[in-house]
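Asks: Sequence:
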Amino acid sequence: MTGRMGTGWDAVIGDDRWRSSEVLWVEGGTEHSWRRVDELAAGVEAAVRAAPGTVVVLVRAASRLGAFAGQLGAWRAGRVVAVDDGLGPAELARIRPDLVLSVPVDGPPEVVEVAAGGLPADRLPPEVVAVNFTSGSTGARKAVAVTRGNLAALFGCRGLDVPVEGRLVAANFASPAYDGWWFDTWKTAAVGGVVVCLPKVTDDVFAWPELVERYGVHRVLLPAAVVATLVQSLPECVEDIPWVFSGGERFRVATVRQARDAGLATRFVNLYGPTEATFATHGHVLPADPTGLAEIPIGTPLDGCAQRLEQRDNGTELVVSGPVVCLGYLDHGRVVDRFPTEGGHAVYRTGDLVRPDPDGALVFVARLDSQVKVNGVRVDTAALETEVTALPGAADCRVVQDGADTVAFVRVGGPGTSPTEVEPVVKRFSPAIAVELLDGFPVKDGGKVDARALMELYRTRTRTGEHV
1 MTGRMGTGWD AVIGDDRWRS SEVLWVEGGT EHSWRRVDEL AAGVEAAVRA APGTVVVLVR
61 AASRLGAFAG QLGAWRAGRV VAVDDGLGPA ELARIRPDLV LSVPVDGPPE VVEVAAGGLP
121 ADRLPPEVVA VNFTSGSTGA RKAVAVTRGN LAALFGCRGL DVPVEGRLVA ANFASPAYDG
181 WWFDTWKTAA VGGVVVCLPK VTDDVFAWPE LVERYGVHRV LLPAAVVATL VQSLPECVED
241 IPWVFSGGER FRVATVRQAR DAGLATRFVN LYGPTEATFA THGHVLPADP TGLAEIPIGT
301 PLDGCAQRLE QRDNGTELVV SGPVVCLGYL DHGRVVDRFP TEGGHAVYRT GDLVRPDPDG
361 ALVFVARLDS QVKVNGVRVD TAALETEVTA LPGAADCRVV QDGADTVAFV RVGGPGTSPT
421 EVEPVVKRFS PAIAVELLDG FPVKDGGKVD ARALMELYRT RTRTGEHV
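Using UniProt numbering, read the sequence shown as starting at 1 and increasing by one per residue.
Since the hints were made in silico from the structure, they are not lab data.
Careful: at least some of the hints might be erroneous.
Cross-link-like lysine-lysine pairs, in silico, DSBU-like; alpha carbons within 30 Å at most [as the list claims (entries may be wrong)]: (1) 142 / 427; (2) 373 / 142; (3) 142 / 200; (4) 142 / 448; (5) 427 / 444; (6) 373 / 427; (7) 448 / 427; (8) 373 / 448; (9) 200 / 427; (10) 200 / 448; (11) 444 / 373.
Could you put the whole structure together from the sequences, leaning on the hints where they help?
Replies: Laid out in structure tokens, this is it:
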């Protein structure tokens, strides 16, 4: 594909770029051209237009390509699209889809369900084009209204670009229902790149090196927990990827040091941004040499984001604004909670406490709501996790509270780490907090640490007396 490609909304979903026979998508051992994706999207568009009164389309697809083509087809039909990643009744009630489509890659789309109606056709503002769901790590999953302006701002964000010769080749790890999907796939397509879908870690992570080598992958976005696990146990899976972006959770210094000890020359980029801001608002490129690195900043604002620091009783909260900030939350098929606006752009209070480092980059300190009560005493879990991960043998720490149990789960960075090294630090915060050492953390499909699975493991070990 030749020529400079526009990254505006109409240019991205328009017809011109979709006539090429060059490869756009690689998944499951099959290469798909731009033209083939266009054909799939045309089938979706026709099915959507055949259902009058449709506002929200829910796409179900066994493949990631089906989800991508479903989004493109729904957008061309002028509809709002959400992707079903196993949404429960509560999540479905938030968006109230009018049409549910199954999108295979080897046949036409199939209408699964048509809603009975009852909602007005103008229930959503015309600028809304998609719905993203939060991970639910701070409570129930919320439905976020994403606008075409949000995605266009992401497509044009130069701070997320990496140096390449020729076409960008990006690996895709993120699920279509999460905000990392926009970066992995649509931002790549916006610049005429190639998307290479990686198998899930639990499926066939050993296939990654061959895919990376064959297609010359330039970048990948992975949750911090996945990066840490791979660097520690399977560094060969990412050793040939020049740029590894990470976000969604705190990126630990221990991970970077382990990467360098394993001989990886990969450049790491720490990203920060709530789902309410499309994908990312801040970024920080880590130094190639981690010597002397004490903490990893979330960085400085990316294109399309402005920041404001507001003083709270327990610290300084980060407030973000700009074209990347979404419209608000959906419930019962409507936008019920619009974010306030300033200067024509939405404003979002992140609930994250930060502080500037000497270079002006922001460092994440804690959540406004990161304190938990343990036996009636408030404990700052973020501060506890930071102190534990400063220990030589501790690569990561997660404090999880469930009912009467509060446990500090510690991922050890190598042999020789014992509870006697970790417990004194934890017990200073509260003697009632248990300590559990693990070689790795279980993760959800999206790659974030699975707190529920951690507690199930703890209770199993409690019953069997297998605590480490």
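Asks: Confirm or reject each hint.
Replies: The hints, checked one at a time:
At most 30 Å may separate the alpha-carbon atoms for a hinted pair to count; residue 142 and residue 427 exceed this at roughly 35 Å. A distance of roughly 25 Å separates the Cα atoms of residue 373 and residue 142; the hinted pair therefore holds under the 30 Å criterion. Between the alpha carbons of residue 142 and residue 200 the distance comes to roughly 24 Å, so the proposed pair stays at or under 30 Å and holds. In summary, the hint linking residue 142 to residue 448 is supported, as the alpha carbons are separated by about 17 Å, within the 30 Å threshold.
For the proposed pair residue 427 and residue 444, the alpha carbon gap of about 29 Å is at most 30 Å, so the pair holds. For the hint linking residue 373 to residue 427, the alpha-carbon distance of about 14 Å falls within 30 Å, and the restraint holds. Pair hint residue 448 plus residue 427 holds up; C-alpha atoms about 26 Å apart against a cutoff of 30 Å. Proximity of residue 373 to residue 448 is assessed by CA-CA distance (about 24 Å); at most 30 Å being required, the pair is judged to hold.
With a C-alpha separation of about 37 Å, the suggested pairing of residue 200 with residue 427 is violated against the 30 Å cut-off. For the proposed pair residue 200 and residue 448, the alpha carbon gap of about 13 Å is at most 30 Å, so the pair holds. As the CA atoms of residue 444 and residue 373 are separated by approximately 26 Å, the hinted pair is consistent with the 30 Å bound.
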